[in-house]
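Participant: Residues per chain are reported as follows:
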Amino acid sequence: MKNTYQIEEIAGPSSREIMFSRILGHRGLIIGAAVLCVITGMAILAPILTSHDPFTQDLSNRLVQPFWDEKGSTSHILGTDALGRDYLTRLIYGARVSLLIGFSTALGSGIIGTVLGLLSGYYGGRVDMLVTFIITTRLTLPVVLIALAVVSLVGGTLPVVVSVLSLLLWDRFAVVIRSATKQIRSKEFVSAAKAVGCSTPRILFVEILPNLVGSLVVIGSLEVGHAILLESALSFLGLGVQPPTPSWGLMVAEGKGLLFFKPWLITFPGVALALLVLSLNLIGDGIRDVTASKGIE
Amino acid sequence: MVNDRPENILTVDNLVVDIPTPAGVLHAVRDVSFGLKKGRTLGIVGESGCGKSVTVMAIIGLLSKKIRVTAEQLKFSDMDLLGLSGRKFADIRGEHISMIFQEPMTALNPVYTIGEQLTEGYLRHRSATKANARNKALRLLDRVGISSAERRLNQYPHELSGGLRQRVMIAMALMCDPDIIIADEPTTALDVTIQAQILSLLSELQKETGTAMIIVSHDLGVISRVADHVLVMYAGRIVESGTAEQIFATPTHPYTQGLFSCIPVPGKTPKGSMLGSIPGVVPSLIGDLKGCMFRPRCDLASDRCLAQIPAVNFPVQHHVWCVAPVEELKERSEKVMLF
Amino acid sequence: MVAFVVSAISFSLMFVSGDPAIAIAGEGSTEADIQVIRKNFGFDQPFHVQYWKWISRVAKGDLGESFYFQKPVVDLIAERMPVTGLLGLLSICFALTLSIPLGIIAAVKQNTVFDRFTLGLATIGQATPSFWLGLMLIVVSSVKLRILPVSGSSSLYHFILPTIVLGYYATPSMMRLTRAGMIEALQSDYIRTAHSKGLLPLSILLKHAFRNAILPVVSVAAVEFGFILGGSVVVESVFSLHGIGFLAWESISRNDFPTIQAIILVYAMIYVGLTFLADLLNAKLDPRLRATTS
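Residue numbers (the working numbering), protein chains in the order written: chain U, 126 to 422; chain C, 28 to 366; chain X, 968 to 1261.
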């Protein structure tokens, strides 16, 4: 029910301090950032954390149980997979793959989407119509299928996967940046810049873009997660990252055959994926919450 | 109980509304008391934030549960409104007490037709047939001056102008023949020409139906047109109350006088003279509040203003809450330019 | 218009790898073999001619013949469509049944334990890979609980787990949208008016607030349905359901171009149809979008 009384605001701390306290107070954001740091740290420090190599096969040591099982041992803490490779090592190195693909894809799609959104939002008219048409076309395409098809034809190397996904996942960026640009464009400081005679690229990059950073970060983090999930699905189906590269999706596929006997082979990569994407989503949502109150679009 | 009289349809004694905020308890309304007689119009006037809207929202029970409403007495007819259960209160609302809000543009639900919104209250409170409800709605639409009422019933809010929507709101408030209508800034969002129409409509309807009315406004002009009795509120308290003639002929409280001097009167205010204004801002209402809240802005302020302010009674119904010498106040009231 | 472009993209996919004839012929084929294949499938003709031929056949309802099955693609799709269609329908119903009530309750009990809990579940749901969830459910249900069948599509029971997996993915966004829409609606002036008329809280919630809050959810639901169809590829392969998604995957693995192209086209068409449907529904629900009656 509506409270009709306006409460007077008391002059308080600076906006930066408010921002800080908001960030620190936002549980989701902190948890997400912490988890992401842990995973990233793990990925970077991989060689230090484990002495095994993720590619070395040891067929005499296949399918060793994790250490908490009586048949397990501590030399392979999480056991080994079907080809005798140390599981924990592959899990840790898998983080590298996911993070790498996720961020590269987000970067690529971010650039494509932002450029399209900026142009469309700024120029309006025919350019806008064209870009909207492109976006609509992209939205009607079944992403998974096309990604699968292309990878199957061209091969499943890392650059290919990243490129394909970048070329398919830019729509979110484009839509949001487009509407944000339209909003900002009508603001006075843009007309002021034009009146002073700034060139269009300058206006786009120096005046408008900095205001979009907030939205970009939010969408970016969500899209990294999206890309990671998509890559894992592709790898699971065999049409993403190819063996022997350790990808979590691939590891789930590899463990699928032994689903009922050794469930840990698919549990860990799945949980790892969920944790990583979850942390990214928390960060994205958290930043959105924290910046929303300041009135940034 | 000063205000407890049998002909009072609404009795309010020492109404207090406290709003908990992170910075402390905000005393939005303190010790507001009045009685509303059947068929009469009460005008509550004051600037934004003085608590007039909160007061009427408390009376009709539309404040959020977190807000604490207490009073020595809050009675509608002989029904106690304090501590009334949600369901019983909902039974009274719309049927006996109804309300008209400020913003006609947003007060109607965009996805339902005018007809549906007019009849739903009626259908809920009376066990009437849809045809009956519709007929009543048609009659009322006609009465509030909306032409082609038949057609309008099937239209959606976005197809009507602001003035028309407010008329619909008035019709809606009248559907169940309420005993009291509360109008919170009913004309503020409308064009000046429409304002006058709506106000005359309201007084006509009131005389016709004998409904009591409470009009809340920051606009003295609006109040002067329709009110029989006037309450002047400032910072959550009543500072002056009396009949419309008394208030408008002899505004006594310094704040009331200040309000009047802000308004230029065509034909009376000399050309080139400075428009009065009341210096300062409304103080914060959070925490412990002592004495007269108008003190920082009053040119008659003294140390006596820090204590509890009693009511000074001018003969018959005119009350002023001020400790300044009565003669001084009276002298000033004569100098104030009036309509 | 969009359809046109989509079909063009779809068709040109075939040429992404360079020479489709080689892809079809497979490894270890001789140059002569490749030439024969080229002639047979008309690859030796210029691109736009091939495209035109394909498109004109499609317009007549002929989606070509599958390399692998040696059957018309139309038949293949028609066979598998019921499975996917049923799965999709069940999933969207599941998602709606779950997300709308939860969204409404979460909005009413905003910031309480319930609200945070459901939002938390939603966030976790969005982060979980669907294939993994499917596999986990298989393990749990068939090993530990032994209730539901986990592969094949011979009975309705077979659809329970896949529906949960597919529907679960669409639920978080719709739940959030419902919740946000309800919160906004509940703060509107017309809700205050409704209260002042003495209407009962439940009826205000469902009749007034919900009707407004649901508007954006409808369009999103249509879009989500489209995504569900796309995601069916993964789910169908996990649960061995022989629907279109599964067919798509098989065809891709076998370089069965006509089938792949046709399926992509069909998916796109369905999506276009869905957005159109969503627009219609929106106009029906929101009077402001219709032409005025006066």
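No wet-lab data here; the hints were simulated from the structure. Don't take each hint at face value.
[Stated by the list, open to error] Derived list of chain X stretches under chain U, where covered just means 3 residues or more per stretch with a C-beta under 8 Å from a C-beta of chain U: (1) 1047 to 1055; (2) 1080 to 1094; (3) 1099 to 1106; (4) 1197 to 1209; (5) 1233 to 1241.
[As the list claims (entries may be wrong)] Simulated restraints, written as ranges between beta carbons of each label pair: (6) U:V342 / X:D1246: 40 to 50 Å; (7) X:L1256 / U:V252: 22 to 32 Å; (8) C:T48 / X:K1076: 46 to 56 Å; (9) X:K1076 / C:A50: 40 to 50 Å; (10) X:N1249 / C:S188: 19 to 29 Å; (11) U:V252 / X:S1207: 23 to 33 Å.
Virtual Cβ for every residue (Gly too), placed ideally from N, Cα, C.
Participant: How does the stretch 1047 to 1055 of chain X fare against chain U when you require at least three residues with a CB closer than 8 Å, holds or violated?
Facilitator: It is violated: at least three residues are needed, and the stretch 1047 to 1055 of chain X offers just 0 whose Cβ sits closer than 8 Å to chain U.
Participant: Is 40 to 50 Å right for how far apart the beta carbons of V342 of chain U and D1246 of chain X are?
Facilitator: violated, 32 Å
Participant: Should the hint that V252 of chain U and S1207 of chain X are 23 to 33 Å apart at their CB atoms be regarded as holding?
Facilitator: Given about 47 Å between the Cβ atoms, the range is violated.
Participant: Are there three or more residues in the stretch 1197 to 1209 of chain X whose C-beta lies within less than 8 Å of some C-beta in chain U?
Facilitator: Since 5 is at least three, the answer is holds.
Participant: Between N1249 of chain X and S188 of chain C, does the beta-carbon spacing fit 19 to 29 Å?
Facilitator: holds, 25 Å
Participant: With a Cβ-Cβ cutoff of 8 Å, does the stretch 1080 to 1094 of chain X contain at least three residues near chain U?
Facilitator: holds (count 4)
Participant: Within the assertion that chain U covers the stretch 1233 to 1241 of chain X, do at least three residues meet a Cβ-to-Cβ distance smaller than 8 Å?
Facilitator: This one holds; 4 residues, not fewer than the three required, reach chain U with a Cβ under 8 Å.
Participant: Assuming the hint says 22 to 32 Å, is it satisfied by the Cβ distance from L1256 of chain X to V252 of chain U or not?
Facilitator: Given about 26 Å between the Cβ atoms, the range holds.
Participant: Has the stretch 1099 to 1106 of chain X got at least three residues whose CB is nearer than 8 Å to a CB belonging to chain U?
Facilitator: holds (count 6)
Participant: Evaluate the given range 40 to 50 Å for the C-beta pair formed by K1076 of chain X and A50 of chain C.
Facilitator: violated, 26 Å
Participant: Is 46 to 56 Å a correct range for the gap between the Cβ atoms of T48 of chain C and K1076 of chain X?
Facilitator: With Cβ atoms ~22 Å apart, the hint is violated.
In terms of the numbered hints stated before, the structure departs from hints 1, 6, 8, 9 and 11, listed from lowest to highest.
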